[in-house]
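For the protein sequence lines, the chains are Z and H, in the order given. Here the first sequence stands for residues 1 to 590, numbered as in my numbering. Here the second sequence stands for residues 1 to 590, numbered as in my numbering.
Just so you know, these hints were derived from the structure itself, not from any lab. Warning: the hint list may mix true and false statements.
Quick list of in silico lysine to any residue cross-link-like pairs, SDA-like style, CA-CA up to 25 Å [as the list claims (entries may be wrong)]: (1) H:K149 to H:S125; (2) H:K312 to Z:E178; (3) Z:K149 to H:P110; (4) H:K353 to H:P110; (5) Z:K149 to H:D167; (6) H:K312 to Z:E242; (7) Z:K415 to Z:A307; (8) H:K149 to Z:K415; (9) H:K149 to H:E178; (10) H:K312 to Z:A308; (11) H:K374 to Z:L141.
Which residues of chain Z face chain H? A partial, calculated answer using Cβ under 10 Å [to be verified]: (12) L129; (13) Y130; (14) R568; (15) G575.
Every value quoted in this text rests on a predicted model; they were computed, and no experiment measured them. Ideal Cβ placement from N, Cα and C applies to all residues, glycine included.
There are 2 protein chains.
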Amino acid sequence: MTAAGTRHAVRFENLNREAPCSEAETIFQSARRAGIRIVGACGGRGVCGTCMVRVLSGEIQADASQPARNPRKWLRACQVRPQGDCAVEVAPRSLARVVRAEVDGGSERPLAFDPVVGVHQVSLSVPTLYEGGADADRVLLALQQAGMKRIDLHALRELPSVLRENDWNVRAAWRGDEVIAIAAPGRRALGLAVDLGTTNCAGYLLDLESQAQLAGIGIENPQASYGADLVSRMNHAIGSAEQQRELQAAAATAISELGRTLCEAVSATPEDIIDVAICGNTAMHHLLLGLPVRQLGRAPYVPAACAALDVKARELGVVCAPGAYAHFMPNVGGYVGGDHVATLLATEERWAKATSIVMDIGTNTEISLIHNGKIFTVSCPSGPALEGGHISCGMRAAEGAIERVSLEQGRIAVKCIGDAEPVGLCGSGVLDAIAVLVETGIVDRGGRMQDAHPAVREQGGRKEALIAPGVALSQGDVRSVQLAKAAIRTGVDLLLREAGLEESGIERVIIAGAFGTYIRVESAIAIGLLPALPPERFEQVGNAAGLGVRMALASGTVRGRANELAVRCRYLELGSVPGFQKAFLARIGF
Amino acid sequence: MTAAGTRHAVRFENLNREAPCSEAETIFQSARRAGIRIVGACGGRGVCGTCMVRVLSGEIQADASQPARNPRKWLRACQVRPQGDCAVEVAPRSLARVVRAEVDGGSERPLAFDPVVGVHQVSLSVPTLYEGGADADRVLLALQQAGMKRIDLHALRELPSVLRENDWNVRAAWRGDEVIAIAAPGRRALGLAVDLGTTNCAGYLLDLESQAQLAGIGIENPQASYGADLVSRMNHAIGSAEQQRELQAAAATAISELGRTLCEAVSATPEDIIDVAICGNTAMHHLLLGLPVRQLGRAPYVPAACAALDVKARELGVVCAPGAYAHFMPNVGGYVGGDHVATLLATEERWAKATSIVMDIGTNTEISLIHNGKIFTVSCPSGPALEGGHISCGMRAAEGAIERVSLEQGRIAVKCIGDAEPVGLCGSGVLDAIAVLVETGIVDRGGRMQDAHPAVREQGGRKEALIAPGVALSQGDVRSVQLAKAAIRTGVDLLLREAGLEESGIERVIIAGAFGTYIRVESAIAIGLLPALPPERFEQVGNAAGLGVRMALASGTVRGRANELAVRCRYLELGSVPGFQKAFLARIGF
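Assemble the whole structure, with the sequences as input and the hints as a guide.
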């Protein structure tokens, strides 16, 4: 599914980036593949208008619905196909924003800093014919007291010129007993934390010296061009070694682009990044590392590796300091990855002293039940529906997205982000809408839309219920949500059974993740996604995985703690649990 | 200086190799660039007939002097230019031979085996939905007792399929606490030792389990297409990063080809090579590692690194087991490299208890003087003349090469290798010839050819002395040898002065290297290349560097010893020694 045919170069002028684009592709698609941070709330369906660009030069072909070609006109990038090399400007409001990391939910408390890397100043005398020695030998001698014993090959390749250009006063970045980079004395010592999700990748930049959380940003995972879901991507990777490399490179591109964009925002360069920490689900972990996924995709779903890994970032194609490592947080099992470990790490204070459920709702929903010091963990295939994916009018949480649906005097009322005209439904809106449809009886307890109801209409051969002008939920959408919520609820049931607990024994439900942050717990309880517990037992904690991976970036001690947590998790493979099918069917109704 | 223009593919059918060849190139040149082991004694001048090939298919253009094109005819590869893709067969006698390493001079004693790598058998249970764990985690757990803590990324990428294809019984190769390869249980554990010379590269294959020395072979350094001498190559590398990569890749090609050819000869595959040890002069060391050479090429000639280095072989492009390392023996200084350390290592028993000179004569001649436990080391720019390079009728020691020149009843008599018709002069023949020319007065003590002498003729504007029919030494050749021998002798003088010794105080002169093995010491003394000491003080020990690097491959303890020797060497930079010019001029005459 790579772009075929003639390739043009699209230059994103105000971002100083370039990406190849085939004639079959839109500018939006080429930007996504290159990890360029352009917003596209509706996923390129041409309805939301969040991916606006202006063509500065070059021939393009625009969709008929687009305004006439005009260099001063803003066009939807998802409707523009280049016919030759071209240059565009991305509208400022269409750029994913770099934010100060602190403002991102969940980072209210300061991180504990105890990084596994550091920097030393080195000053050498100018070598002469009579006195001197090899550059690297002298640097290591100067750093002998600091425990340095070796120098990375790529750092070594840069050493002679860096020494001479800086009058023999340089800065050596180290990790363990290894010098991993040599730089001019004024350069910074940054760390990049990455939460590599199936759909979205979040990056955070820390200053490992000043201990400041500098910036954060999210972009879409460029692997999406190989399939929205993990199974498609894994199948693509299994297809051939070349295809596996494509997915590996796409994931690496995401990380490099996160690093590059964040560094630009703080006037640094990616070479200042001397450490990288990454969390992701097990499949993303494997795809980024170039590990085979064939055995992961079929029973008994065995990962190539679960324990934490440290590899040279350059071996993955991630742009940073020459000898920097990428630390991969440990996985728990085939369908519970380092992102869940990061979530547990970030929420430990919340769950440590109570019987708790910790869940990160997404395409796969990982759930841990912590009880009496034991952690039971399961992953449920909840699909993209809850995040607004594969929903006919689904979209991301952007302007025009319906985020709240309620009943007001018996009529369906909606609230849109930015108080704009409704364009589609984001995840929290989907959940609210279904709850309202069930409450009004438009959808029955079995999930069936009532043909006779005036709000239900037949459109293009499918039944749908109108939520707002132009925005409807179809019978298929309702079925998708049904399957998702049944999967999650079954996961909770099985964990309770494994621990010998009743539902009422759950003292806390910690809901992590972007989707979980915005849902209305009442709606989730109403449709049976969450157990009916008193509201005060629920906590919506935002992107805990992003916080957890930042904690691991900042501290070697925390990495050790993450390893302990990963090993403590007792991983239940859904397929191995007796009675799973029966339990699932019992949870399918509303 | 890379081949330009249209590129054709030349297939060397009986070697199962392919190489690109531009229209401007001969098949001989393309083979050399690809490290394909085709003999070419005269260096491609079309005179020796040692590079014979038969064209099996494809269009070629042959030199006028070649016989008519005919698929059954053997042609000189150095006179054949492909006009399209073609396939050739290399004549069996034109193939550099793989020899049993033991027959190669200098390996009379067995090696001490104490390798830094090894193999373990691993057997795992078949994982199920109920029991299992990640592949790598289980392998490391099984090898916990053996001290294994991590697994190389590329080995990890192969792990899942190797485990499943071998019914969960595999062989793990290790180094330190790292698993570097996973293979089928029957696979071998081989080591490759390489003496990477400016002109020739020698490779040796050891079985690190059975401790057998399996095979050895020499090929020409493919970097020769970027210049015969180090200075040209260093200048090429300094030209641009791309050019530096070309030279790096050429050196890596040499090593990969040595490994591939040697493995083929013993029915193994390059993936069986789990350790590599390399020695070479400092410039070759830098070029193979991709280290900058700018600062090495100008005063004060500072290497990027001298201490021993271990890098992943794959980072250099060397084909072997996925996680195998390449060990680089330590350099002494800018012009004394790991090859000299290897020579000292291999000859230690010979020099340990006597005041000794150890020299390896080549384009650069490294000389150590060992006296009272101290090692003084110098490098002399002796140029290629002594090896028959840049000599008008110079050639390699192959059939038709004059290897001995003597005076018999006042007439010049020659002896050719293989008792064939004389084609050119190899190194030892050049030395003999000059000694005879000086003895007969054809060349005076100042190095000038006597115009009046009947053996001297004017040919194409240059004076030359006929040695045999069609083989002559020119005035320029004599001058080249003069400069070479003066440089070497000056080196010895300066070492003696540094140690406060007289020439007669030298108890042993150990002459290492291919050239040194074949020279007649009397001739070398006669022209003043070697000091006039009693013949029993001289020892010609063959390729001691090749032995030394094999010793280092076989043993971690020996590597430690090599490091000690390298540090013990007191390196004298010729340019820094007062009176060098004066001493050199005093040694210029015969």
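Hints and how they fare:
1. H:K149 to H:S125: holds, 20 Å
2. H:K312 to Z:E178: holds, 15 Å
3. Z:K149 to H:P110: violated, 33 Å
4. H:K353 to H:P110: Answer holds: K353 (chain H) to P110 (chain H) is near 22 Å, not above 25 Å.
5. Z:K149 to H:D167: Violated: K149 (chain Z) and D167 (chain H) sit about 41 Å apart, past 25 Å.
6. H:K312 to Z:E242: holds, 23 Å
7. Z:K415 to Z:A307: violated, 45 Å
8. H:K149 to Z:K415: violated, 55 Å
9. H:K149 to H:E178: holds, 6 Å
10. H:K312 to Z:A308: holds, 21 Å
11. H:K374 to Z:L141: Within the cut-off at roughly 23 Å; holds.
12. L129: OK, holds: L129 (chain Z) within 10 Å of chain H, min 4 Å.
13. Y130: Since chain H brings a Cβ to about 5 Å from Y130 (chain Z), closer than 10 Å, the hint holds.
14. R568: violated, 14 Å
15. G575: Holds: closest Cβ of chain H sits about 6 Å from G575 (chain Z), inside 10 Å.
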